[in-house]
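Engineer: One letter stands for each residue in the lines below.
2 protein chains.
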Amino acid sequence: MKNILLTIEYDGTAFFGWQRQPGKRTVQGELERVLSLLCGEVVTIAGTSRTDAGVHAYRQQATLQGDFGIPTERIPIAVNNLLAGPGPYAVGDVRILDAVEMPPDFHARFSCVGKKYIYRIYNSSEPEIMPRNYFYWVKHSLDLVSMKKAAAYLTGKQDFKSFMAAGGKEMKTTVRTIYKADVVTGKMRGQGLFSYPEKEISFEIIGDGFLYKMVRIIVGTLVEVGLGKIPPDAMKEIIQSKDRRRAGHTAPPQGLYLAEVYYKKEDCFKEGERQNEN
Amino acid sequence: MKNILLTIEYDGTAFFGWQRQPGKRTVQGELERVLSLLCGEVVTIAGTSRTDAGVHAYRQQATLQGDFGIPTERIPIAVNNLLAGPGPYAVGDVRILDAVEMPPDFHARFSCVGKKYIYRIYNSSEPEIMPRNYFYWVKHSLDLVSMKKAAAYLTGKQDFKSFMAAGGKEMKTTVRTIYKADVVTGKMRGQGLFSYPEKEISFEIIGDGFLYKMVRIIVGTLVEVGLGKIPPDAMKEIIQSKDRRRAGHTAPPQGLYLAEVYYKKEDCFKEGERQNEN
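So the protein lines, in turn, are chains S and F. Sequential numbering from 2 applies to the first sequence in the working numbering. Sequential numbering from 2 applies to the second sequence in the working numbering.
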């Protein structure tokens, strides 16, 4: 049995999130169905992040144990053909980008030491219809300087209980380390799917782990800072209060993208530093 | 009763086309439902173009007769709020851009003398998942020079029977006048929803009318020219043959956008000439 690491891209719009659920179309469920067809026996996969319904991924990762009878690097093509549906130019809403063999003790979730999420806002008085499932449309003008200032309070090892939604799994601790949190305008480097250079505001966050809906609650809070409803320096007190009611609203899922998974701590730091230089 | 002209934008992905059909979600059906709610009595609308399932519109137009008890220019806001669903930042997949009162004899379809369609191709060896419902993904490299050469044969008053699909309405004549037909790379002017400056190929066509699936069959033929399967000069013979079997495949609906409607012949010419200068 090989231990295989998959890198996966998906559009979360038509999925009930990542995690397998009976009778519902989920990313894990869809991938396991097709991988099992290809393998000839039941395949289960362990994903790094259990993204919610409507949340997208540029680079989700998952491990599986199996023997496919084909070279590992051929798995993406075989699976993607089954996922895309008929026609030479059909494109499905989930796609395997890469498959590599890993040592037996490697696990996509337990070996992971950090993740990067991107949250995309379309800030314009008028909405755009076609990309509505890929951005959070914010109608009123956002003040980027205030948002950047507020975001700066997020880095470091802190208790992020104020940004945890009810309904998630029981956590031993709500302390997390954030390596990078920044707000920028224009297209994010390397993410060229849509482009509104002047109307797009992106939030990028790298951390060793995230609480239930943490990124979306942080973004909702930053939006309220950008709208002038919360002063930027209040971010510090919001964190210290450990009170969900002090933070802002939960931003909708369609703006959120899982963008990177890290297995070495130095990569989290490096990525944070390198991007801060931009 | 006022005669009102609506300008409408929509994402055709989740609609069974424009035309009202019992039990199916169509753009006309959805607009009539909401306009009737607002008006307090049954409103029917007449659209300029009956776009197929999956086809989008930047600027569809439609006329209706009714009294809404509010100023005409307030109709878009009132309707869009009902179309978008709950939440201050919700965005629906159809939206009224503009409403203006017109003389009683004006009709969105019968007064129309020309239309512009844009067809968008994403030409790259790897597909992109998120915008898959807004482009035709063509995997193999397309030769733009050949495509432009072939497209040049389309202009003028000609019989376009070779590009008419079976199953449409009976037509008195299959002769149409094409004012402009061009293939360009990069983002189309004024259509900034998505942007792949180097990988996007757009086809723009302006004509006094179009046969059933005509633009999609023309694009399918141009793609085969771009792939080297059909020589560019064969376009002339394909037109002259009046034989559907000589033309290429029907390009899929998701790349097609109704982009403009004209009510004056000189606007069709002007637009064609102006854009040819770019």
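Hints are not guaranteed to be accurate.
[Said to hold, decoys possible] Which chain F residues face chain S? A few, computed with CB under 10 Å, are given here:
1. T8
2. E10
3. D53
4. G55
5. H57
6. F69
7. A79
8. A85
9. L98
10. P128
11. E129
12. Y135
13. V139
14. P253
15. F270
[Stated by the list, open to error] These stretches of chain S come out as covered by chain F in the derived footprint (C-beta under 8 Å, 3 or more residues):
16. 33–44
17. 92–99
18. 122–134
19. 138–146
Just so you know, the hints here were simulated from the structure itself, not pulled from any lab data. Heads up, the beta-carbon is just placed ideally off N, CA and C, and yes, glycines get one too.
Engineer: It remains to establish, for every hint, whether it holds in the given structure.
Structural biologist: Evaluation of the provided hints:
Taking 10 Å as the C-beta contact cut-off toward chain S, the hint placing T8(F) at the interface is violated, the least distance being around 13 Å. Satisfaction of the interface hint for E10(F) is found here, the shortest Cβ-Cβ separation to chain S being roughly 6 Å, below the 10 Å cut-off. Checking D53(F) against chain S by beta carbon gives a least distance of about 17 Å; that is not within 10 Å, so the hint is violated. Residue-level restraint check for G55(F) is violated (minimum Cβ-Cβ distance to chain S is 13 Å; threshold 10 Å).
Proximity of H57(F) to chain S holds as hinted, the smallest CB-CB distance being about 7 Å (cut-off 10 Å). Taken as an interface hint, F69(F) does not check out: its beta carbon lies about 22 Å from the nearest beta carbon of chain S, beyond 10 Å. Because the closest C-beta pair between A79(F) and chain S is about 16 Å apart, greater than 10 Å, the hint is violated. A distance limit of 10 Å between C-beta atoms decides the matter here; for A85(F) the minimum to chain S is near 8 Å, and the interface restraint holds.
Proximity of L98(F) to chain S holds as hinted, the smallest CB-CB distance being about 9 Å (cut-off 10 Å). Given hint, P128(F) at the interface with chain S, holds; its Cβ is 4 Å from that chain's nearest Cβ, closer than 10 Å. Evaluation of the E129(F) hint against chain S yields a held restraint, the C-beta minimum of about 6 Å falling below 10 Å. At its closest, the beta carbon of Y135(F) sits 6 Å from a beta carbon of chain S; the interface hint therefore holds under the 10 Å criterion.
Contact between V139(F) and chain S, as hinted, is supported at the beta carbon level, the nearest pair being about 6 Å apart and thus within 10 Å. Here the hint on P253(F) is kept, as its CB sits about 8 Å from the closest CB of chain S, short of 10 Å. For F270(F), the interface hint is violated, since its Cβ never comes within 10 Å of a Cβ in chain S; the closest pair sits about 29 Å apart. Under the rule that three or more residues need a Cβ within less than 8 Å of chain F, the assignment of the stretch 33–44 of chain S is violated, with 0 such residues.
Note: the stretch 92–99 of chain S has 5 residues with beta-carbon separation from chain F under 8 Å; the three-residue rule is met and the coverage holds. With a threshold of 8 Å between beta carbons, the proposed coverage of the stretch 122–134 of chain S by chain F holds, since 6 of its residues qualify and at least three are required. Closer than 8 Å: that is the beta-carbon criterion, and the stretch 138–146 of chain S has 3 residues meeting it against chain F, so the requirement of 3 holds.
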